[in-house]
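Q: Using the sequences and the accompanying hints, generate a full structural model.
Heads up: the sequence lines are chains V and F, in that order.
Be aware that the first sequence starts at 1, since it is given in the working numbering, and climbs by one per residue.
Be aware that the second sequence starts at 1001, since it is given in the working numbering, and climbs by one per residue.
These are calculated hints, taken from the structure and not from any lab test.
Since we're looking at a predicted model, the values are computed, not measured.
Be careful, since some hints might not be right.
Quick list of the computed label-pair ranges, beta carbon to beta carbon [stated by the list, open to error]: (1) Asp1456(F) - Cys11(V): 49 to 55 Å; (2) Val1387(F) - Val80(V): 32 to 38 Å; (3) Glu1444(F) - Glu16(V): 30 to 36 Å; (4) Pro1132(F) - Val80(V): 34 to 40 Å; (5) Glu16(V) - Thr1475(F): 20 to 26 Å; (6) Glu16(V) - Val1003(F): 55 to 61 Å; (7) Ala62(V) - Arg1115(F): 43 to 49 Å; (8) Val80(V) - Gly1135(F): 30 to 36 Å; (9) Asn1382(F) - Cys11(V): 46 to 52 Å; (10) Gly1049(F) - Cys11(V): 54 to 60 Å.
Note that beta-carbon positions come from the ideal geometry of N, C-alpha and C, so glycine has one too.
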Amino acid sequence: MAPDDGSRPACREIEERLLEFIRLELLSPGVTVDRQDDLLSGELLDSVAVLRLAAFVGEEFAFEIRPADFVIENFQNVAVITDYVHRATRGSG
Amino acid sequence: MSVLLHRMIDGAAQRRPEAPAVRCDGAELTYGQLARRVNGLARVLLGTGLERRDRVAVLLRKGLDVPVGFHGALASGAALVPIDPRSPAEQVVRILRATGARHLVSEPAKRDLVRQALAECPEVSQVIGLEPEDGLPVRCVPWSTVAAEAADQPPAVGTIDLDPAYILHTSGSTGTPKLILHSHRSAMAFVDWAVSEYRLASDDRLSNHSSHHTCFATFDYYAAARVGAATVVLTPAALMMPGSLSALLERERVSIWYSVPTALVHLSLRGEIEERDLSSIRWVLFAGETFPEKHLRRIMRQLPQARFSHVYGSTEVNVCTCHHLPDADGLGDPLPIGRACSTSRTLVVDDQLRPVADGETGELLVCGSTVMSGYWGDPEANRHALVRRPSAGGFEDVYFRTGDQVRVLEDGNLTFVARADFQVKVRGHRVELEEVEAALLSLESVEEAAVFAVEDGEGSSALRAAVVAGGEPATAEILAGLKQRLPPYSVPAEIDILGSLPRTPTGKVDRDALRAHLAKPGDCDGP
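A: Shown next, in the form of structure tokens:
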């Protein structure tokens, strides 16, 4: 997955930054997370952690998450968040 | 004639077997299907040595199996012990031990948690919902066996309405959870009041927002069953994503909503309500926390067809007062908790338990048919919380001490003033600050600890902790330790490491001084 242009991050980079944030900031030490793990099951993250993750997404990738975008399809796992960030930042760089 | 909780399922199944009983994520159980599965679980439990008034713990994630576990436990003649599925193993162990539950209903997704808990609970002899191949040290009966035992008729077990129905858990000040016992009679008194007050009918759809180990779920599941209405389970994913939640409410045509205010604030702010047809919602009930007025006004305007009610009552009493709100422009400030329900009598007293004059602040006592039987296995707590007052004819009434400070307004409504102790509400969950402090102090690196609630900016409270540490632990280490000991909502959002804690002249931690100190930016070296 190569970057589409010089200013916005490639999908792989988005994914790595998301996984790093979740591991370091949201999970207990030793707990692992994969790109396909369900983040909204209530088992891995609680509602506060999910809110922190959403805030991170907006700040880290410099775009505003519209209320209409707070849906399961955009936040279920790291893979779909990556797709969402990629779509949301398209043309913003 | 009094009705037993689980018999409501048989009644609804006989009247309308094809009517939906519970819906979750697009799947459904009708009352006919639910009744057969409930009877199947009861038969399995009874076939393996369960005795009347035993306790059956239920450790399940939200889903269609939850009402099967609940009613199946009750239909077997046992008392139900629902456990928060997000509990760490230590909390599961504490609840299993304290209730003496010998039977556990669970599911494969909780296998590891069950395994950890059983290592500390040799008295548990059977787990329903896991496979024999799972290698647990007890008898395991898979759900397929329960399905094979499904039957139209419930087993005859001789339960009466005064028998224990369920034991709910909240946090306790010593790290031991408070176990609140309700009988079929006290639960049904609440159910019948709710059915009448909110005019519930078979075509209603009640949302289930809260975890099923809370008293909110009593309304969502049992009041729905009383009239043969459907319970629509809101999954954690939907609750975390307001846009998905509002779509679900529209799709499922939910008519009754009951939750803490925070959930409604999220829905109102980020749920795109204006884009949805939520005209099916006819009544919104909220409880557990103060509802910020600006948020309440907004959602009342967003759902103009709905009535709104502020209901009040701890797990010990179900609900004891309610206030039906006028329109969004006529809200009181502060919003009253209302008047006593038809099931309850309220009394406001001073610290000597003498009634105070109207308008004066005092502790709220509650007497009535919805009050708990008592705290399980804790006679000392019962002596403190359940007080007797003389009544006519030489009899005595039993009142529950709520610990809440209230006063009677000029119009006769009660208004909440403050908690009398250190219990706080975090996103609708009751948390005892001392329990969190006890967990902090159980960490080797923590020498002193104080915890207090702060506003979280979303209309609810968050916890903030200050600790005095031996050595140089990172806050991440402390948080990791707490997450192994406490449910997620009890873990402080922030931890400050200080040189010392401010104290009152009597030596107690001075929380007000601490809060003021931590509000000053740039000072974390101690007061």
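Q: Determine for every hint whether it applies to the structure shown.
A: Comparing the hints with the structure gives:
{"no.": "1", "hint": "Asp1456(F) - Cys11(V): 49 to 55 Å", "in the structure": "33 Å, violated"}
{"no.": "2", "hint": "Val1387(F) - Val80(V): 32 to 38 Å", "in the structure": "55 Å, violated"}
{"no.": "3", "hint": "Glu1444(F) - Glu16(V): 30 to 36 Å", "in the structure": "35 Å, holds"}
{"no.": "4", "hint": "Pro1132(F) - Val80(V): 34 to 40 Å", "in the structure": "37 Å, holds"}
{"no.": "5", "hint": "Glu16(V) - Thr1475(F): 20 to 26 Å", "in the structure": "25 Å, holds"}
{"no.": "6", "hint": "Glu16(V) - Val1003(F): 55 to 61 Å", "in the structure": "58 Å, holds"}
{"no.": "7", "hint": "Ala62(V) - Arg1115(F): 43 to 49 Å", "in the structure": "45 Å, holds"}
{"no.": "8", "hint": "Val80(V) - Gly1135(F): 30 to 36 Å", "in the structure": "35 Å, holds"}
{"no.": "9", "hint": "Asn1382(F) - Cys11(V): 46 to 52 Å", "in the structure": "60 Å, violated"}
{"no.": "10", "hint": "Gly1049(F) - Cys11(V): 54 to 60 Å", "in the structure": "56 Å, holds"}
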